[in-house]
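Novice: Sequence order for the protein chains is A and B. For what it's worth, UniProt numbering labels the leading residue of the first sequence as 1, then goes sequentially. For what it's worth, UniProt numbering labels the leading residue of the second sequence as 1, then goes sequentially.
Fair warning: there could be bad hints in the mix.
Stated by the list, open to error - Reference excerpt, derived from the structure (chain B facing chain A, CB under 7 Å, subset only):
no. : residue
1   : 44
2   : 56
3   : 64
4   : 81
Said to hold, decoys possible - Label pairs and their calculated CB-CB ranges:
no. : chain 1 : residue 1 : chain 2 : residue 2 : range
5   : A       : 64        : B       : 62        : 29 to 39 Å
6   : B       : 68        : A       : 66        : 47 to 57 Å
7   : B       : 7         : A       : 319       : 18 to 28 Å
8   : B       : 43        : A       : 292       : 43 to 53 Å
9   : A       : 407       : B       : 24        : 46 to 56 Å
Claimed, not checked - Under the rule of at most 20 Å between Cα atoms (straight-line distance), these lysine to aspartate or glutamate pairs were calculated in the EDC-like manner:
no. : chain 1 : residue 1 : chain 2 : residue 2
10  : A       : 233       : B       : 69
11  : A       : 233       : B       : 25
12  : A       : 383       : B       : 57
13  : A       : 383       : B       : 58
14  : B       : 66        : A       : 106
Hints are computed from structural coordinates only; laboratory data are not their basis. All figures in this text were calculated on a predicted structure; none of them were measured in a lab. Here a beta-carbon is modelled for each residue, glycine too, at the ideal position from N, C-alpha and C.
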Amino acid sequence: MHQLTIAEMIRGLQSKAFSSMELTRHLLARIQQLDSSYNSFITVTEELALSQAEAADQRIAKGEAPTLCGVPVAHKDIICTNGIRTSCASKMLDNFIPPYDATIVENLNGAGTVTLGKTNMDEFAMGSSNESSYYGPVKNPWNTRCVPGGSSGGSAAAVAALLVPGATATDTGGSIRQPAALTNTTGLKPTYGRVSRWGIVAYASSLDQAGPIARNAEDAAYLLSAMVSHDPKDSTSLNRPHEDFTAGLSDSIAGLKIGVPKEYFGEGLNAETAARVQDALKEFEKLGAELVDISLPHTELAIPAYYVIAPAEASANLSRFDGVRYGHRCENPKDLRDLYMRSRGEGFGEEVQRRILVGSYALSAGYYDAYYNKAQQVRRLIKQDFVQAFEKVDVIMGPTTPSPAFELGAKGADPVAMYLEDIYTIATNLAGLPGMSIPCGLVNNLPVGLQITGNYLDESRMLNVAHQYQQVTDWHQASAV
Amino acid sequence: MAVDTQTVEKLAELARIAISEETIEEVSGRLGDILQLVDQLQAVNTDGVVPMAHPLDEVQTLRADKVTETDQHQSFLNLAPQSEEGLYLVPKVID
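Looking at chain A on its own, in the form it has when it is part of the complex (with noise of 0.2 Å):
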């Protein structure tokens, strides 16, 4: 039962071949029984995910069930569920249960999905490896003694070791595509203000969003469907019709025009990760997409400036981390300045603080102008690169990541080299544009995945193009476990 997908485990439920319940335990156990290899859950939900199998069940007997009704999902635990501990992989929320859900889980609750647990990150979802979690390190299942990319590595990992057959993610800077490139799955980012973020704890406010990592294009845009909404409680959360993303996905692709930045193509990616990637282009070609050379001259600038805005942005957000209304608080603190300083310095661990300095320096009297407005800046130039790409092309593609997943601990000790593993995919938050990374061959038995960049609000187009891929082939298909 693993091993179906998630538009197969609807056809299951909705036939009656077997019921919420019995997936729902079956997965269950399968995750008691190996996740200790990956470390890809923080929380376990058994008691409310059996409840919820079986208010699912009661539905579909009713004839009264939505589509994804009784179907396992797992959600990344920076998203604030109802009475479950969400700790965002600190020390600081260990002890966090939050006393509502996010709007997203309220939808996917609302669709009738079943929640497994939550899953492991990056603490406060900062990084590329899935290395800085609180909880240890997740386990690349391709290669335990790899990583799986970060800051949904855990999302990415529990999808790939068929311990659950989609889960949300969070994604600021590449951290959706870049683990689902490193795991052969399939994750999207959506527009920016696509999906709520209300509930989701705020790391950058501007570049966060939320989407799904599922095994292939079918089921990321089932997820998709349930979890985009308007909603008044995220003032940025944009007022667009509801879509049903699955709606056209065996729309033809002939006459698409796709464009391959050269910028995606230089020193720095992996020699076999781009035959791969050139492979795939080839096969848009076949089925009738045309490839355009495209230049996106502002792309070396993402890194710099997410380094600034994001930390900038981070130094504000976590502030409320402060000791006194929720998280850790430190032993016996002698003043109130000694209970900030301490809770927060326990609380967080390295690569958090180093951020948060970063934009304390970033935004302090004397730096303001020359990092943090020159980075907006920037921004706009990156963001005015892409508008003029989508003139002439409807996608681009490119890499996700410059080589497949690394060793654990390979980038550990140098912050700037772990920065580099989102150089693809940081330029599309910035734009607030969505993109996607579908499986697109392996290097050395490691997954590599193929970029999609899509325009303001393409989602469907998106899904459709990477769905038309995945019935011509079958790397999506490959298997860790």
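Since the structure of chain A is already known, use the hints to place chain B on it.
Specialist: The following block gives chain B in isolation, referenced to the frame of chain A:
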């Protein structure tokens, strides 16, 4: 760009994060590497470019000025490390 330990101490104070004496050298080295990376921005000509704070330049949404939230203060107080009689407790601030 090098970051001296005095600057790190000042940043730690601004960010309200206690950093131990033993790690301050290492922290300053790492911050220096990151600031060297972001210093690439200084070479870009951005004359006349309007800074971009929101990716879609959307207009801020407004709502009617009326209370829609229910009172959940007890739920939130329950999360606090220390609270009493509906208030958050902190060490004494005024002598």
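Novice: Run the structure past the numbered hints and jot down the numbers of the failing ones, going up.
Specialist: Violated hints: 3, 6, 8, 9, 11 and 14; rest satisfied.
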